[in-house]
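Residue numbers (the numbering used here), protein chains in the order written: chain A, 1 to 286; chain B, 287 to 444.
The reader is advised that the hints may include incorrect statements.
Said to hold, decoys possible - Straight-line distance between alpha carbons at most 30 Å, and here's what the computed DSSO-like set of lysine-lysine pairs gives: (1) A:K20 with B:K342; (2) A:K228 with A:K9; (3) A:K161 with B:K440; (4) B:K429 with B:K440; (5) A:K41 with A:K228; (6) A:K20 with A:K160; (7) A:K228 with A:K24; (8) B:K429 with B:K442; (9) A:K9 with B:K288; (10) B:K442 with B:K292; (11) A:K135 with A:K160; (12) A:K135 with A:K24; (13) B:K440 with A:K24; (14) A:K135 with A:K9; (15) B:K342 with A:K135; (16) B:K292 with B:K429; (17) A:K9 with B:K442; (18) A:K41 with A:K24; (19) A:K65 with A:K24; (20) A:K277 with A:K237; (21) B:K288 with A:K20; (22) A:K41 with A:K20; (23) B:K288 with B:K442; (24) A:K9 with B:K429; (25) B:K357 with B:K440; (26) A:K24 with B:K357; (27) A:K24 with A:K9; (28) A:K228 with A:K135; (29) A:K24 with B:K288; (30) B:K288 with B:K429; (31) A:K20 with A:K135; (32) A:K237 with A:K20; (33) A:K237 with A:K269; (34) A:K65 with A:K41; (35) B:K429 with A:K41; (36) B:K292 with A:K9.
Unchecked claim - Sample of chain A residues facing chain B (criterion: CB under 10 Å; computed from the structure): (37) I36; (38) T52; (39) E94; (40) S97.
No lab work stands behind these hints: they were computed from the structure.
Keep in mind that this is a model prediction, so the values were computed, not measured.
Ideal placement from N, C-alpha and C gives every residue a C-beta, glycine not left out.
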Amino acid sequence: MEFDYIAPKSIREAIFTLRKYDGKAKVIAGGTDLLIQIRNKEIAPEYLVDITGIPELDRIRYDEKEGLRIGALTTIRTLETSTEVQQRYPIISEAASQLGSMAIRNVATIGGNLCNAAPSAESAPALIGLSAVVKILGLEGERVVPLEDFFTGPGGTILKKEELLVEIQVPIPSPNARGIYLKHSTRGTIDLAIVNIAVVITLGSQNEVCEDIKIVLGAVASTPMRIKKAEEVLRSKRFDEDLVNQSAQVASGEAHPISDVRASAEYRKEMVRVFTKRAIREALVQ
Amino acid sequence: MKHPIKLRVNGIEEEVFVEPWWSLAYVLREELGLIGVKVGCDTGNCGTCTVLVNGKAVKSCLFLALKAGGKEITTIEGLSGRNGELHPLQQAFIDHWAVQCGYCTPGMIIAAKALLDENPNASEDEIRLGMNGNLCRCTGYVKIIEAIMAAGEKLKGY
Numbered sequence: 001m002e003f004d005y006i007a008p009k010s011i012r013e014a015i016f017t018l019r020k021y022d023g024k025a026k027v028i029a030g031g032t033d034l035l036i037q038i039r040n041k042e043i044a045p046e047y048l049v050d051i052t053g054i055p056e057l058d059r060i061r062y063d064e065k066e067g068l069r070i071g072a073l074t075t076i077r078t079l080e081t082s083t084e085v086q087q088r089y090p091i092i093s094e095a096a097s098q099l100g101s102m103a104i105r106n107v108a109t110i111g112g113n114l115c116n117a118a119p120s121a122e123s124a125p126a127l128i129g130l131s132a133v134v135k136i137l138g139l140e141g142e143r144v145v146p147l148e149d150f151f152t153g154p155g156g157t158i159l160k161k162e163e164l165l166v167e168i169q170v171p172i173p174s175p176n177a178r179g180i181y182l183k184h185s186t187r188g189t190i191d192l193a194i195v196n197i198a199v200v201i202t203l204g205s206q207n208e209v210c211e212d213i214k215i216v217l218g219a220v221a222s223t224p225m226r227i228k229k230a231e232e233v234l235r236s237k238r239f240d241e242d243l244v245n246q247s248a249q250v251a252s253g254e255a256h257p258i259s260d261v262r263a264s265a266e267y268r269k270e271m272v273r274v275f276t277k278r279a280i281r282e283a284l285v286q
Numbered sequence: 287m288k289h290p291i292k293l294r295v296n297g298i299e300e301e302v303f304v305e306p307w308w309s310l311a312y313v314l315r316e317e318l319g320l321i322g323v324k325v326g327c328d329t330g331n332c333g334t335c336t337v338l339v340n341g342k343a344v345k346s347c348l349f350l351a352l353k354a355g356g357k358e359i360t361t362i363e364g365l366s367g368r369n370g371e372l373h374p375l376q377q378a379f380i381d382h383w384a385v386q387c388g389y390c391t392p393g394m395i396i397a398a399k400a401l402l403d404e405n406p407n408a409s410e411d412e413i414r415l416g417m418n419g420n421l422c423r424c425t426g427y428v429k430i431i432e433a434i435m436a437a438g439e440k441l442k443g444y
């Protein structure tokens with residue numbers, strides 16, 4: 001498990017270091033996922049490029065027009081406890097609070113959680129539900145990609161070898177929006193999710209009509225996934241028990257989970273149905 | 287190839303030469319002799335390796351030693367006073383029989399200190415949730431939570 005360690009002081013230096021080592025280098029931020037993968041011999045980088053020394057990447061900024069901008073090195077604990085995030089985007093704080101334990105959250109970063117790209121990534125469903133985009137820097141400059149399109153598979157993202165995710169941008173939600181994040185796991189927050197879900201609803205007239213809805217599931221496909229067909233069941237309709245049940249059923253049908261140590265595929269499919277219904281109901285009574 | 291780092295451990299400036307892949311837990315134990323820091327699962331789950339880095343609880347088995355350069359580290363050895371007086375948390379663990387085999391204890395006490403430092407008025411529920419990164423195979427947790435709550439009360443008077 002031998003590697004060398006480089007700590008660049010700027011994004012530019014980091015990108016050029018990654019290019020120099022051409023696939024033999026891995027970015028490390030908190031390292032709470034990466035070090036386990038290295039010890040398990042899932043990966044064997046020759047160089048670790050520690051980006052936590054790069055200034056300016058751990059800021060959270062809020063602006064009434066631009067919305068929320070979260071630096072990739074923001075720790076999960078900061079997201080959990082930031083009063084700004086708790087007040088304006090409580091679903092993000094809620095998701096952050098469900099990741100691991102306090103000591104892990106103190107070190108783990110939002111950028112790392114997304115780039116590690118586990119299908120059950122704690123922060124992904126809520127951010128996708130809020131239509132977040134990610135800002136990526138590379139040799140050719142900057143590009144911005146919807147988070148929904150960021151993941152390619154378990155552990156896979158659209159990042160090129162020498163690219164860095166630097167910021168997550170979350171637009172201003174509608175004043176009538178409400179969101180819920182639920183994580184179903186064996187032992188609370190310290191386990192990976194069996195199923196995790198974010199539902200973001202924008203209410204229409206008299207709070208009875210679903211003006212818009214996003215339903216995002218994690219851990220039941222190769223990436224966190226928006227279930228558009230389940231959303232369509234409710235979009236522009238009046239909320240009622242039957243439609244919510246129907247939407248949950250559709251979500252369950254769309255999920256294609258695997259069986260693993262945490263749960264069987266059949267159980268996960270059923271939990272998708274249960275938790276979709278629960279999340280929608282809880283969002284409505286907020 | 288070893289890199290030199292300087293860190294302040296329990297109030298003492300230390301300089302050590304570390305291989306890049308060494309964890310902070312390894313360096314604290316093997317290079318600095320602080321064997322109060324335990325290694326249990328070595329995967330960041332059990333919490334027995336918990337130390338404070340700049341006052342925050344960190345799982346030292348998952349924290350590269352090189353990341354600790356320039357930082358302030360506190361281990362269980364650093365909690366007692368200059369004359370060996372026990373920290374209220376340490377005393378509370380004794381008074382409330384919160385120690386059986388003792389292996390989880392250093393991590394528990396350090397995590398509890400971090401929790402109470404951030405939230406001196408933590409409720410029982412908040413303590414239970416905040417301590418969920420520390421596992422104990424012996425006690426069933428009841429006495430540990432009692433000890434932390436008692437220490438919390440004591441510390442409010444400080």
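- Under the criterion that the straight-line Cα-Cα distance not exceed 30 Å, is the pair K41 (chain A), K20 (chain A) satisfied? Since the Cα atoms of K41 (chain A) and K20 (chain A) sit roughly 23 Å apart, the hinted pair holds (cutoff 30 Å).
- Message: Can you confirm whether the C-alpha distance between K65 (chain A) and K24 (chain A) stays at or below 30 Å?
- Response: Outside the cut-off at roughly 41 Å; violated.
- Query: Do the alpha carbons of K9 (chain A) and K429 (chain B) lie within 30 Å of each other, as the hint requires?
  - Reply: violated, 46 Å
- Query: Is the straight-line distance between the alpha-carbon of K24 (chain A) and that of K9 (chain A) 30 Å or less?
  - Reply: holds, 20 Å
- Message: Check the hint pairing K277 (chain A) with K237 (chain A) against an upper bound of 30 Å on the C-alpha distance.
- Response: Given that 30 Å is the threshold and the Cα spacing comes to 16 Å, the pair holds.
- Task: Compare the distance between the alpha carbons of K135 (chain A) and K9 (chain A) with 30 Å, and conclude whether the hinted pair is satisfied.
- Result: holds, 19 Å
- Are the Cα atoms of K24 (chain A) and K288 (chain B) separated by 30 Å or less? Between K24 (chain A) and K288 (chain B) the Cα gap is close to 20 Å, so the pair holds against 30 Å.
- Query: For the pair supplied as a hint, K288 (chain B) and K429 (chain B), is the alpha-carbon distance within the 30 Å limit?
  - Reply: At roughly 43 Å apart (the allowed maximum being 30 Å), K429 (chain B) and K288 (chain B) break the hint.
- Identify whether the interface hint at I36 (chain A) stands, where standing means a beta carbon of chain B within less than 10 Å of its own. holds, 6 Å
- Verify the interface restraint on S97 (chain A): the C-beta must sit less than 10 Å from at least one C-beta of chain B. holds, 9 Å
- Within a Cα-Cα threshold of 30 Å, do K429 (chain B) and K440 (chain B) meet the stated pairing? holds, 16 Å
- Given the hint that K429 (chain B) pairs with K442 (chain B), does the C-alpha gap stay at or below 30 Å? Answer holds: K429 (chain B) to K442 (chain B) is near 20 Å, not above 30 Å.
The earlier numbered hints that this structure contradicts are 1, 2, 3, 5, 7, 10, 13, 16, 17, 19, 23, 24, 30, 32, 34, 35, 39.
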